[in-house]
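Residue numbers (this note's numbering), protein chains in the order written: chain L, 1 to 310; chain Z, 311 to 620.
Some clues are possibly wrong.
[Claimed, not checked] Using C-beta positions, here's what the derived DEER-type ranges look like:
| # | chain 1 | residue 1 | chain 2 | residue 2 | range |
| --- | --- | --- | --- | --- | --- |
| 1 | Z | Arg-615 | L | Gly-248 | 22 to 30 Å |
| 2 | Z | Pro-347 | L | Thr-304 | 21 to 29 Å |
| 3 | L | Pro-103 | Z | Glu-610 | 33 to 41 Å |
| 4 | Z | Lys-602 | L | Ser-277 | 33 to 41 Å |
| 5 | Z | Gly-515 | L | Ser-277 | 31 to 39 Å |
| 6 | Z | Lys-343 | L | Asn-229 | 39 to 47 Å |
| 7 | Z | Lys-351 | L | Lys-279 | 23 to 31 Å |
[Claimed, not checked] If you want the ones that stay clear, here's a sample from chain L, every Cβ over 12 Å from chain Z, calculated:
| # | residue |
| --- | --- |
| 8 | Ser-98 |
| 9 | Thr-213 |
| 10 | Val-220 |
| 11 | Ala-233 |
| 12 | Ile-246 |
| 13 | Lys-290 |
| 14 | Lys-292 |
Think of the hints as simulated: they come from the structure by calculation, not from any bench. The C-beta atom is built at its ideal place from N, Cα and C for all residues, glycine as well.
There are 2 protein chains.
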Amino acid sequence: MSVKLLLKGDHRALAKAISVFENEEPEAAKIAKEIFPYTGKAFTIGVTGPPGSGKSTLIDKMIKHYRSKKKSVGVLAIDPSSIFTGGALLGDRLRMTSHNLDPKVFIRSMASRGEAGGLAKATRNTIRLLDASGKDIIIVETVGAGQSEVDIVKVADATIVVTVPQLGDQVQTFKAGQMEIADIFVVNMADLVGADKTVTHLLGGIVSKYGWTPPVLRTVAKSGEGVDNLIQAIEKRKEFLAKKGIAGKKKVDKIKAEIASLIAEKISKASLKELSSSKDFEKIIEQVNKKKIDPQTASEQLFTRLWKKR
Amino acid sequence: MSVKLLLKGDHRALAKAISVFENEEPEAAKIAKEIFPYTGKAFTIGVTGPPGSGKSTLIDKMIKHYRSKKKSVGVLAIDPSSIFTGGALLGDRLRMTSHNLDPKVFIRSMASRGEAGGLAKATRNTIRLLDASGKDIIIVETVGAGQSEVDIVKVADATIVVTVPQLGDQVQTFKAGQMEIADIFVVNMADLVGADKTVTHLLGGIVSKYGWTPPVLRTVAKSGEGVDNLIQAIEKRKEFLAKKGIAGKKKVDKIKAEIASLIAEKISKASLKELSSSKDFEKIIEQVNKKKIDPQTASEQLFTRLWKKR
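The shape of chain L in the complex, shown without the other chains:
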């Protein structure tokens, strides 16, 4: 594939490059190196929420807005449902829209392979490719479940958590620490009964971080109602990050986290390789199998031999 064409914004080159990373082809490292200096200009928006909360419709409206402002948009839809793809893939739903014909809009979906940390890595690389290709706005869409919601925070400048009004007596529960991932809350389908209750509930659990208090917005994505407010909130978030110097700090933190995870991955691989060819490993597994030693103690012993006595 041609890095030159990618840097010019060519969608075919971009699609090919993403595939190279997805399939972990040897060329990936070279491309990563070449494009890296051209990254860092895009603003990344994470959109997460349960299935059926209208994320795709909302993103469709966001794309329309940004296109009206002549901004180019890249969308990365991460689909965590890997065994069962009941219904359309997240990205497919978007691709069915008119944006598909727009040369300034690129939409890609990606299936989570269920590998630990794998999604964050693939997401980071794809965002970088979109960024280098000149996209001004990058939207990462994911279903709010497990690993993917944690990963989205790692890559997004603004994380939008979409929810819908709760019906009847059903109370929406947010677990401890998980209100924290949202920079902006959106109660979509806000024309439905129960919207007020949901907004109140969310407001009660808001957690400020570094001086930013996540707003709780109402939208009706289908009609476009409230989307302007959402765009404004994203702009405010952008200004906040820039003014407080948080953008720069966040950038450094992201780099740290990425390098740390890349190193951890390499060290894990290297140590397991060393382990698998060691007689100690076989012996200790036999002992665990015979219930003479428990796995935790066994791993501590091996760890000591592998690492501490370097």
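Start from chain L and add chain Z according to the hints.
Same frame as chain L, now just chain Z:
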């Protein structure tokens, strides 16, 4: 908490012990050591499938069967939807059933925290506690999405993948490699239109492993239709594992995988600790921030210093 009571099958002691592990209290290591010799007797069944496929109802019927055979049952429901708990938690749905009053049935739900590998570790420990407490059958229920489906294979002796008939023209897609996790396929709600098509589709993609060909069964969990066949298939699977000596080999493989992941975790932590206090790390992050070097190259350099030159 009392390990003695736990070993006698006391549910309060069991519940307390699980919490000790969930909250990673210091006592956990001690308990793990003490109970380990009493583990290895239970048969573990994994049940995975999309939301709304009737997993809970199916498990309810399975519990009824095993209880009629005087077997004790432990159920561990893993809920990956962490931000949004739309509807009841997996385990709650089961707990609403009559089994709640049965002293030989223990049901626990557990939320995935989205940590890489964390779920597998917590699941393994909880299964061990259930096992040591004398449960004959342990059922692990999870929504088939991302990490949790990969983890279930690591811990289950028999993995059941539940699906439902596809309506209309919608074709169910199974991604490469992902047919492989099922030891038994169940098409639930098999009285619905589309069941034949779904069965045919599944049969077309069946992958035999080590001489085991996953059967494709039809059930109507609500009425109990087909559940007998499912129980028979599980029995066959159990006999197959025993006869071929695969059970023993699988056990060793599981021990290997567990110890390897425990060691990898320890080494990652140790190396990142060493890293965070090194000047090299700060310097290289600054270089990445200035785009003089890309993250992959940076991590390779640091890895070399940390590991290879031991």
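- Item | Range hint compliance [Cβ, Lys-351 of chain Z to Lys-279 of chain L, 23 to 31 Å] | With a Cβ separation near 30 Å, Lys-351 of chain Z and Lys-279 of chain L satisfy 23 to 31 Å, so the hint holds.
- Task: May I ask you to check that Val-220 of chain L keeps its beta-carbon over 12 Å from the closest beta-carbon of chain Z?
- Result: holds (19 Å)
- Message: Taking 33 to 41 Å as the stated bounds, is the beta-carbon spacing between Pro-103 of chain L and Glu-610 of chain Z within them?
- Response: holds (36 Å)
- Query: Does the hinted range 33 to 41 Å hold for Lys-602 of chain Z and Ser-277 of chain L at CB?
  - Reply: With Cβ atoms ~37 Å apart, the hint holds.
- Message: According to the definition I'm using, a residue is off the interface if its beta carbon is farther than 12 Å from all beta carbons of the partner; does Lys-292 of chain L meet that for chain Z?
- Response: Since the minimum Cβ distance to chain Z is about 9 Å, Lys-292 of chain L lies within 12 Å and the statement is violated.
- Message: I want to verify a distance hint. Is the separation of the beta carbons of Arg-615 of chain Z and Gly-248 of chain L within 22 to 30 Å?
- Response: holds (27 Å)
- Non-interface claim for Ala-233 of chain L: all C-beta distances to chain Z beyond 12 Å? holds (19 Å)
- Item | Distance restraint hint 21 to 29 Å, applied to the beta-carbon atoms of Pro-347 of chain Z and Thr-304 of chain L | 23 Å Cβ-Cβ, so the 21 to 29 Å window holds.
- Status of the stated non-contact between Lys-290 of chain L and chain Z (beta carbon gap over 12 Å): violated (10 Å)
- Query: Any Cβ of chain Z at or closer than 12 Å to Ile-246 of chain L, or is the non-interface label fine?
  - Reply: Given that every Cβ of chain Z is farther than 12 Å from that of Ile-246 of chain L, nearest at about 15 Å, it holds.
- Query: Is it true that Gly-515 of chain Z and Ser-277 of chain L lie within 31 to 39 Å of each other by Cβ?
  - Reply: Given a distance of about 36 Å, which is inside 31 to 39 Å, the answer is holds.
- Are all beta-carbon distances from Thr-213 of chain L to chain Z longer than 12 Å? Holds, because the least Cβ-Cβ distance between Thr-213 of chain L and chain Z comes to about 19 Å, which exceeds 12 Å.
Comparing the model with each earlier hint shows violations of hints 6, 13 and 14; every other hint is respected.
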